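From first to last, the protein sequence lines stand for chains A and B. Letter 248 of the first sequence, counting from 1, is numbered 248 in my numbering, and no numbers are missing. Letter 369 of the second sequence, counting from 1, is numbered 369 in my numbering, and no numbers are missing.
Honestly, the hints are just simulated from the structure, not real lab data. Just so we're clear, the structure is a prediction, and the values are computed from it rather than from any experiment.
Covered by chain B, per the in silico footprint, the following chain A stretches (three or more residues, Cβ under 8 Å):
#, region
1, 54-63
2, 83-91
3, 100-111
4, 114-120
Pairs of lysine-lysine, DSSO-like flavour, derived with a Cα cap of 30 Å:
#, chain 1, residue 1, chain 2, residue 2
5, B, K363, A, K230
6, B, K386, B, K363
7, A, K222, B, K386
8, A, K230, B, K386
9, B, K134, B, K363
10, B, K171, B, K134
11, B, K386, B, K134
12, B, K363, A, K222
13, A, K177, A, K230
If the Cβ cut is set under 8 Å, some of the chain A residues that face chain B in the computed set are:
#, residue
14, G126
15, E223
16, S225
17, N243
18, S246
19, R248
20, R252
21, P253
22, E254
All C-beta atoms, glycine included, are put in the ideal place defined by N, C-alpha and C.
Below, each chain spelled out in residue letters.
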Amino acid sequence: MKKLVLFVTFMFFVAGAFTASAYALTADDIFDEMEERQAEVTTSRSLGSLLVVDSRGREELREVIMYSQEEDDGTVSTIFRFLSPASVRNITLLSLEDGDQINLYMPAYRRVRRIAGAGRQETFAGTNFTYEDIGGGFEREDYEYELTGEDEENYIIELFPLDPESEYSRQVMKVDKELFFFSRIDFYDLEETLWRVLEVLEVEELEDGTVRFREISLSDVKENSRSVLKLEEIEDDIDLPANFFSVRTIQRPEL
Amino acid sequence: MKFVLPSFLVAVCVLCISCSAGARITGEARLDTSWDLDSGELDYGLELDLEYHTSISDRLWAGVELTLRFREDTDPLRIREIYLEGFQAPWDETDFRLGYIQIPWGASDILSPVDVVNPIPLSPGIGEGFMGEKIPVPAVQFEWYHTFDWSIELVYQPYFTPNVIPEPLQKGMLAAELAPLFEVSPADLMIGLDYSEPATGFGAPLWGVRTRGHIGSVDVALSYHDGYYLNPFPSRVEVMEGTAGDEVYAEVHMGYPRRRTLGLEFQGELRALPGATFRGDVALFIPERWSMTVVPPDPTEAYEQEILTYPYWKAALGMDYTTDDDIYLNLIYSLGTPFEEGDDVSSYLFLQAERESSDGRWKPFITSGLSLADGSMVNALGISYKPDVDWNITLTASFSSGPQGSKLGDIGDGVFLTASYVF
Chain A
1 MKKLVLFVTF MFFVAGAFTA SAYALTADDI FDEMEERQAE VTTSRSLGSL
51 LVVDSRGREE LREVIMYSQE EDDGTVSTIF RFLSPASVRN ITLLSLEDGD
101 QINLYMPAYR RVRRIAGAGR QETFAGTNFT YEDIGGGFER EDYEYELTGE
151 DEENYIIELF PLDPESEYSR QVMKVDKELF FFSRIDFYDL EETLWRVLEV
201 LEVEELEDGT VRFREISLSD VKENSRSVLK LEEIEDDIDL PANFFSVRTI
251 QRPEL
Chain B
1 MKFVLPSFLV AVCVLCISCS AGARITGEAR LDTSWDLDSG ELDYGLELDL
51 EYHTSISDRL WAGVELTLRF REDTDPLRIR EIYLEGFQAP WDETDFRLGY
101 IQIPWGASDI LSPVDVVNPI PLSPGIGEGF MGEKIPVPAV QFEWYHTFDW
151 SIELVYQPYF TPNVIPEPLQ KGMLAAELAP LFEVSPADLM IGLDYSEPAT
201 GFGAPLWGVR TRGHIGSVDV ALSYHDGYYL NPFPSRVEVM EGTAGDEVYA
251 EVHMGYPRRR TLGLEFQGEL RALPGATFRG DVALFIPERW SMTVVPPDPT
301 EAYEQEILTY PYWKAALGMD YTTDDDIYLN LIYSLGTPFE EGDDVSSYLF
351 LQAERESSDG RWKPFITSGL SLADGSMVNA LGISYKPDVD WNITLTASFS
401 SGPQGSKLGD IGDGVFLTAS YVF
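With the rest of the complex left out, here is chain A (with noise of 0.2 Å):
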């Protein structure tokens, strides 16, 4: 679930411009005590469901499985593979080093397929997550920040994307004061129009003060359509053969 935490919490690697002084925390603060209460994961297996609700309220049902992995260099190598139903089982994403390579393994063509470019923002196997936002890849450099305000039970700061290539204009991120994780963050697209939401629905806090998430919602505002992943099972620093993360897994029938 590493992988799932960093893309939900890329804000522990950003490292942008703070102005703001007029809170008792700064955002860099704010930031710091997030990355503590990050669970201290090196090794993932979780078991799960992934509900797509499409924009006239059709619901399907999805069983994943996902491994991840802390690499040496603080880079996180993810495998997330549908179980369930037919249509899509055994579909497989690897990705690896925070998505600076992403392959599909498609079962029905015994095919893995690169995929690169602008085809990394392309939606997954009819999910509201796009490649990139499974495989991760944010990077600190790539944004600036700035706490905006807080209400009685969330910090709220904004991030503006350094990259001009960016699809969103900002962004607004809720951090729940007691546990220091992010309970929500809205997606502005260039027209400054609210498009993607994303909201942590439950939190696991664990006995060393750490938190994890257990279940995530991913909303296109535009399209009203959403995914909703919520991981039932969870092992923790599981022994993964060497190489686990690679080409040669996803094409196993069975992980």
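Dock chain B against the given chain A, drawing on the hints supplied.
Same frame as chain A, now just chain B:
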């Protein structure tokens, strides 16, 4: 096709045992209908794909994939695959598959010239599934991952498996090719056929080797295959007097020339064109020298005609790109098709464009092909609809243009409707 019957029996046994053991069989039911707009003929067929695989151990699996068909002029049952496969077996660094299998080589999305192991049967049009079907071959595939990034794959095929071309179609193609030699119209050329398959066996196999990995941000593979052409070539034509009018009767002996294929595959991103993904295959074919002996009614006038002489290239170089409006574009330059060899190889451009609706239910698409040799074209317009997660309905209208005998003009016009259910 030496292994078809025993493989079929094994497959049926495995499926029966699976059913009796309550094992889960998955698959797809598919109804195909086609309407030939030139002849007005309506055709339909029903296919049932069944798949079963089971783990023998944590490193070994066995599987069977069958297709049951109800369609005129086709075999009622076809084995898509029957195999035993091992991962990290027999050694940690090796994987293998053996049985009656498909071995897909190539990075390009269609028409890969390096995909030389399995025969590709002729498709009735360019609707859904165009060029997607393959005939399995008896083979052992063994892959050694000697480093994290690179592997070497060995393919051993003890027996030759030719393509399946319906005899009326084969005769029609030969009549069009040979009729000018005898100065008759194709309709007046009666053809008798016989085939000679190459003498292969465990001691004289077809074989191949392929290494794959990545260089920077590009996945690459190099391959070599020593085998035979999968479609037959005429080797001897014996012409006899016809029995009525202007008819000419020709007894045509067909064979399968040996060929060696060197292949290069690549897919990835090039910094020069950000946003686009390149997928390409290039193959150099080195054929055995192959000629056709034409024996007229007077045997003293027999002569030879060269068919395959020199090495030649085939290629499929594609670039796919997704626009800001989520339109997927795939442009492919193809030098040759699976049915063009030697001097017949010519250039084509193919374009695929599609866009899925926001709810993921609808996907209109267009597939176009243009022969750069003679300007003939084929265009397929279609739309896919998913009424439910397991259902898919695709309607395609295909139109070709170009003079008779042109590369793509003879494909004709047709409408195709496919409904499939995955279970």
